[in-house]
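With the hints as your guide, set chain B onto chain A.
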Amino acid sequence: MADREVADVMTTSSSSSSGSATNNPLSRKLNKILETRLDSDKEMLEALKSLSTFFTSNNIRTRRNLRSDIERRSLLINEEFVDCFKVAKEQLDSICEDVQAMNECCLDMTSRLKTAKDQTHDLISQTTQLQTESQKLQMRAQVTDVFLSKFQLKQEEVQILRGTRDGSLHPGFFKALARVKQIHTDCKVLLRTNQQTAGLEIMEAMALQQESAYERLYRWTQNECRMLSGDTPDINNQLCLALESLQDRPVLFRYSLDEFGTARRTAIVRSFIDALTRGGPGGTPRPIELHSHDPLRYSGDILAWLHQSAASEKEHIQALLKHCAATSADENIHDVLSHITDGVCRPLKVRLEQVVVSEPGPVLLYKLTNLLKFYHVTIGNILLSNSSLLNTIDEMQTLCLKMFFNTLNYNAGKLLEKVELPPGDLGTTSSLSNTLQLVQDILSSHDSSVIAIDARKQDFTQILNCVIDPLIQMCSVSASRLPTVDMATYMINCLYQIQNTLALYEYTDQRLEMLNAQIDAHVDTLVSEQASFILTRTGLSHAYGIVQQHQSAQGPLSSLHGMDAVSMKAAMSKFDSYLASPDSLTMTQCSLLLSAKQRETVKRRSSELIIAAYQLIFSAIMDVQNKYAESNGIVPRTPDQVIKLLS
Amino acid sequence: MAAGPYNYSYIFKYIIIGDMGVGKSCLLHQFTEKKFMADCPHTIGVEFGTRIIEVAGQKIKLQIWDTAGQERFRAVTRSYYRGAAGALMVYDITTFIVRSTYNHLSSWLTDARNLTNPNTVIFLIGNKSDLEAQRDVTYEEAKQFADENGLMFLECSAKTGENVEEAFLDTAKKIYQNIQDGSLDLNAAESGVQHKPTTPRNTLSNDQPQSKDGCAC
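Taken in sequence, the protein lines are chains A and B. Per the working numbering: the first sequence = residues 135 to 781. Per the working numbering: the second sequence = residues -16 to 200.
Chain A on its own, in the form it takes in the complex (with noise of 0.2 Å):
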């Protein structure tokens, strides 16, 4: 830079000699140069300078060849520069030739891809084609796979259904029956839409493999089943799940509970046997048959026995069907239960026959029959009535009911036949009062029985029908040889005692009637026979017979026979004698009543019918029609008073 400088002013000041002649060049060459200030030129102080490192010396020669020198200095300077550059050119030059061939070489590339790509055009063309294929082809198999995973069954699901070979059952059984079952009703969704053959067939598959499931679940369940006669039946879920599926097979269903219910019937039968003949363990409790002795407590052994095993079966039914819908299973287990306690007939029967038949008695019987009658209505809240059970319990009930007026029966039919004759005492006989005590026994016997009152009515009715009316006939037979008098207060006692046992129990009421009626027409008939008794005795019966009948036809009363003052009068002071003490001619029978009371009425009436007669007869002897002479001293006592003596 300085050396240019330097050249510039060389230039300039040569120029300016070279202008001097025009327009005095040197002035203006001088003013310049005044002009110039050096101080801010900074070139000019550069050159300056570096001038100043050569020139070193300033001398003449110097300055003269100070011009040269500077012209040499700047040529060196610019052959280094030349130099420097020219290496630069190198190397661009050889940059721009590898940029060319890099350049050629690209080109050349390109062109091969373009040939490439024209190659490659049809394949990718292709690929892409392909590709869009696959991937519907994907879709189509995630479509079939979702629909064979739906309408399918699974390798392991087909191994679980087709089971061993020794027939257990697998824990997944159940969940693969569901599917063939969920799988089979999809298939009509299938049929509604266009893929019907597919639906067919699936079905139709999917129906096979149900029917062999379920006949293999049959099979095994059948066996499980036919397993379930100990004491304590194990009921598993498995079974009851089992059972569950089986409904929608009713016959296999069915099946099923009838081998459950022969299994348990089995059961029941075997321990109903060891409870009557081994009892429990060391003999405790005892073997219900070591009470057979006592009737009435074998039989409610036995019954209560099988009350409580009834009850226990219907809840190992209901635990066996927990899962079944409640319609089918209250269905069932009525009928499995029926089937099941269905055994135990045949040896209960085989029992109560024998203790109905070894004849305990009528009171015993009877006992039984309500005992039977309760274990009926017990069992029958457990049992429905058509139990073959509670059939064996009502045919035993009805066996001992009838086996029990059999013997009441018998009894009366012995009364009938062997009549035995009245006591000296008109009393009652023994045969009446120990059929009396029998009456007392059974009627009582109801009482601590467990029978609903209800029941009672009917039993009475036909026990008293059974047994009051033979007495009855016993009495009127036992009677019928005796005098008028004796019979009728045999009659009234026997009928008194009857009646007196009957009044203490219920729904008598009827026959207390009907007895109370015999003993009245009893007690009349003792009653005009003590009447009569007494008019004979004081001899008025004959004026008394006459009196009634006398008509006034027949002239007056004392001109008839036996009817004179004077034969009235004997009679009058005979009857005042009775006056007198009128127990005296009391008949024997009748103070022989056992009745007080009775004594007291046939006394009472029989003294009426006296004083009636007394009136007819007085009023007839004090009739003036029937001229009487001193009537009034004839029968010197007015009826009133004779009302007051018998009172």
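In short, the hints are calculated from the structure, not lab data. Note that the structure is predicted; figures quoted are calculated from it, not measured. No false leads were slipped in.
Coverage of chain B stretches by chain A, computed from C-beta distances (three or more under 8 Å per stretch; other residues unrestricted): (1) 23 to 33; (2) 56 to 66; (3) 92 to 100.
With a straight-line cut-off of 27 Å between C-alpha atoms, the simulated DSSO-like cross-links for lysine-lysine are: (4) A:K737 to A:K703; (5) B:K17 to A:K456; (6) A:K322 to A:K309; (7) B:K18 to A:K456; (8) B:K18 to A:K448; (9) B:K42 to B:K17; (10) A:K176 to A:K163; (11) B:K142 to B:K126; (12) B:K142 to B:K157; (13) B:K42 to B:K18; (14) A:K284 to A:K322; (15) A:K163 to A:K183; (16) A:K288 to A:K322; (17) A:K591 to A:K536; (18) A:K456 to B:K42; (19) A:K448 to B:K17; (20) A:K270 to A:K284; (21) B:K42 to A:K448.
Yeah, the Cβ is synthetic: ideal placement off N, Cα and C, and Gly gets one too.
Quick look at chain B alone, frame taken from chain A:
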């Protein structure tokens, strides 16, 4: 496998005995239904209730026979003592019939002893403990009776439910204990206890290995 109401490993048979009107049926109802039955009719003969309880991790089904207290049913109810594992003897703490409470209890106890197993657990229950104001039998008296006769004893109330659960459970615990120490023989029929050999699940797993063995042959 759902532990349904039917899965249990033992069945214990109980009877409830005692005079009429002491609240036997109410106790049973309170225990099975957890409710108080205000107008309880007289029991006719026997009635029956069940409930499943748990003792020492074992599910036990109680089969409870509630007997009628009326004298006329005595002959019938006696038949139900057979094979009871537990007997709950109930009296009413508000009726003290001059010393005859003891006589009655003694006669019930005699019946129970005569008609059940020697191992039957007899539990004395004084019912109606809610009627403290009308109490006629002291706790001490009854406790003494129980101790003298080797009975378990609690006072409870079927009305409030107080101690009802305990009485039934304690009896079951005692029976279970008898089974555990071997004094109660399960194999015997009519021990009042029925045992299911294994739980259903075990039966299943027991069956299967055998079946597999069978297959391998």
